[in-house]
Amino acid sequence: MAWQVIYLSLIFYLVSASNLIWYTILEEMRQNSIVGNIGKDLGLNSNNLNIRKLRIVSQSNRNFFNINSENGNLYVTHRIDREELCTSEQSCFLDLEILAENPVNVYPVKIEIQDINDNPPSFSKDYFDIAISESASPGSRFVLGNARDPDLGTNSLQSYNLIPNPHFSLGEKVDSKGTKHPELVLEEPLDREEQQSYTLTLTASDGGKPMKTGTTIIKIMVQDFNDNFPLFSQDIYRITLKESLPSGSLVLQLNATDKDDGTNAEITYSFSHIPEKARHIYAVDFQTGVITTIGELDYEATKSYELTAEAIDGGGLVARCTILIEIVDMNDNVPEITLASLYTTVPEDAPPGTLVALINVKDLDSGKNGDIICHISETMFFKLEPSTNTYFKLVTAHLLDRETFSFYNITVIAEDQGIPQLSNKKDIHLTISDVNDNPPVFDKSGFISYIPEHNPAGTSVLGVHASDLDYNENARVVYSIINTDIDNIPVSSYVSINSMTGVLYAQRSFDYEQLREFQFQVMAKDSGSPPLSTNVTVKICIIDKNDNAPMILYPSEDPGESALFEFIPHSAERGYLVTKVIAVDSDSGHNAWLSYHFLQVPDPTLFTISQQTGEIKITRDLRDVDTLRQKIVVMVKDNGIPSLSSTVTLNVVVAENFQQAVPEIRHRSTNLDTTYNATFYLLIAITLISLLFIITLIIAVAYKCRKSNNPPSFGSFNGNVYPQFTLGCPSDISDASLPFPFSYDVCVTLDSKQNEIAYLKPGYDVPTDNLIDTEDTAVRPNFNKDNKIMQIATPQAQPNADWRISQAQRPGPSGAQPTEEAGVWPNNQFETERLQAMILASANEAAEGTSGLGGSTGTMGLSARYGPQFTLQHVPDYRQNVYIPGSTLTPTNAAGKRDGKGGGNKKKSGKKDKK
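Per our numbering, the sequence shown starts with residue 75, numbered consecutively.
Heads up, some of the hints might be wrong.
Stated by the list, open to error - List time: in silico PhoX-like cross-link candidates among lysine-lysine, alpha-carbon distance up to 25 Å:
1. K377 / K184
2. K199 / K247
3. K254 / K199
4. K518 / K599
5. K499 / K467
6. K436 / K377
7. K436 / K500
8. K184 / K442
9. K619 / K599
10. K184 / K251
11. K316 / K442
12. K778 / K619
13. K442 / K499
14. K127 / K436
15. K351 / K286
16. K467 / K442
17. K333 / K351
18. K127 / K467
What the hints assert, rightly or not - Okay, the calculated beta carbon distance ranges per label pair:
19. N239 / D406: 51 to 57 Å
20. I108 / R312: 40 to 46 Å
21. K127 / S603: 37 to 43 Å
For the record, the hints were derived by calculation from the structure and aren't laboratory data.
We treat Cβ as the ideally placed atom computed from N, Cα and C, and that holds for glycine.
Model the full assembly from the supplied sequences, consistent with the hints where possible.
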């Protein structure tokens, strides 16, 4: 093989304008022989070879080449026989396709296989029998079996040589294809009786270096006279067969004739030359000359056959003919689909045009039978782009969304153009990998929770939940509270959150009177990279409980103070205002609705109390027999469940002033019968109230049961009950007032430049007679069927003249009173203590920073905390003169008179102390 190595050094390659790489090599190269450096020819250096990962993705059924991944050399892996690959074709090529990754490209490579003299000429038979009649004349020619050489050019058969013999010489005949056929030429007449047979050696030689030869033995039998040779109807038969022709089909009927008679005319048929591949496909009947198929035809394996048939008569004369068989391609091969490169997972944020797979399609058929149309089933998000004639790129057409489709089953369909049309399918299972592109989303736009006050610390308050459309870590949500301050206190001091479940827990016990509501933000953050988050507002509303009893502002409930006295002049008539009980409740809503009741009253026929305002009035004119002094116990209770209450004791004295009442109180004995009667009436009242409560409870339970079974009817609603409220935060209510506010008209009068007098006149009563038992029916509004006030049954009386302050009683500058009567304002102890109660209420408001008359309408300037209660009940009656804080006038402290430190009548003060 030394000359092959020398010839290999002359191998060259060409790169055409279409990037086709062309190599030329010799057949029969040794294993691992280098064809060329494919990396260098592609313009790749050693650093890029590992990245591009060159590999052969398409070649014949047998792999003849491979690529060295380290240096890029293309080398031979198996023996290459040009005659086996291309038979007798003049040009022999192998087409390769080189796949380079990162980026993906396919480079076509064409390798030309050149012939070497590796095959000697060969004859179809080791010996040929020829019968020559002794009557044959010199110059007669006898056809010999020709030799064949699959090599090309000078390496193929060039000449024949016959061992010299005086009777025979060698001649040649060239057919239309240029093939040389040896002929035996008779030089001298034969004499069978002298020699019956001859043995000659025929040698065939090619033109290779070194030259190769092939020999065969020619046995010549000298026969008696047979002067006619068989004759075929055609020298060359051309046959066309479909490759779908079944086994046993007729190919050709040979027909040869012989003019001789007898045995010299009996002809037998046989193949004088048949290729090795055709031996298992064709057969000839030696008697009839019928050629049939004995195997399957395959156009893709062999496209044509050349056979030589001979006819031999009984005298041994031979005639030969050539049979050329062309195989017609049929559409019998389905397209083949090969995935040269496949990415089974694609991220959802992959841009359009991202490579998913490199697909190779081919069809072994030819013509239209091998023309392939390729398409895919999923065309919305993917498309197929042609790369070369046989390669397609499957790429993304649009942005993908894993949350919409997490995987795709893409079917690649290849169809040829033959008749009938054949197709093939290939399924590609593509998974879309998740990208953190969806933030957590809460179930609600905002969360609200209602918590009763005095809850235990650690109580579960609310559960928030957010969902994330992403997958795995990108969908794992962690909850946290955004750090903010509530009244300069971190929100973490109020609530905490379970970061995994989103459950909120109270960190402390809440007090409605200190904190009614608060809000904060909860953040839900996923665990992706980078993480995404969403915030939601959570509002916590504290629900009030009835945990505060009413607080009586006037009269004072301080047990250390002396008993309170209220004076009624003898001239008082029916409807005279004795006093007014003022109370507040720290609770809100229904829990702060207050009602006033007599708990103990000696003469129920003499006094009445307004359950809404706490005003105590007399119900009839006074008689001489009426007790001068009566002790009244007033109970103030709220509307909570259970109801809480407070009591205050009042001493009512019938007298013009305190000095006048003392002697009468001392000398008049207590009427035991009256006391006994009062106690008796009190017991009866308590019994009746208890009985009424039990009856009311039974009726309420029955009403609830009936309401649950029957739909409510609003046609007969009398409007005498308080409306029910839905659950809500204080901020959801416009002014935190009750639905039926007890409004007052505020009037300010100026009697002089030095005095300011204000009074409040109630507008209308609140309908509470169904909620709280009342005995005050003096003033009551009428309601129609729509629960609207029609008119006031009894008009409100004008201010009592007894409550107006005389010129002598009006306050002046401190210490400027000219007389004893005018030295103390007001002169009467009842009005003094009333004024002290009002000042106490204002002082309480000042301690909370809300003092003054600058508050909301109808609240006497009290804080909004007591707004709902005061709008309903706790505003002083218009009969009370209200001192306006902030005035430049300073009234004299009435307590100073009692202690003997102020001006005025000390005797009266002493009586007060003794009392």
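Exercise. Taking 25 Å as the top limit, are the C-alpha atoms of K254 and K199 close enough?
Worked result: holds, 17 Å
Problem set entry | Straight-line alpha-carbon gap K199 to K247, limit 25 Å | holds, 19 Å
Exercise. Is 51 to 57 Å a correct range for the gap between the Cβ atoms of N239 and D406?
Worked result: holds, 54 Å
Problem set entry | Beta-carbon spacing of I108 to R312 - inside the hinted bounds 40 to 46 Å or not | holds, 45 Å
Exercise. Regarding the pair K778 and K619, is the alpha-carbon distance no greater than 25 Å?
Worked result: Distance ~23 Å between K778 and K619 Cα, so the pair holds.
Exercise. If you draw a straight line from the CA of K442 to the CA of K499, is it 25 Å or shorter?
Worked result: holds, 19 Å
Exercise. Is it true that the CA of K436 sits at most 25 Å from the CA of K500?
Worked result: holds, 13 Å
Exercise. Taking 25 Å as the top limit, are the C-alpha atoms of K127 and K436 close enough?
Worked result: holds, 23 Å
Problem set entry | 25 Å limit on alpha-carbon distance, applied to hinted pair K436 and K377 | holds, 19 Å
Problem set entry | Proposed proximity, K351 with K333 (alpha carbon, max 25 Å) | Not OK: K333 and K351 at ~36 Å, beyond 25 Å, violated.
For this session: Would you check the hint for K499 and K467, treating anything up to 25 Å between C-alpha atoms as holding?
Result: holds, 16 Å
For this session: Assess, step by step, whether the Cα of K619 is no farther than 25 Å from the Cα of K599, and give holds or violated.
Result: Violated, at roughly 37 Å.
Checked against the numbered hints listed earlier, the structure breaks hints 9, 10, 17, 21; every other hint is satisfied.
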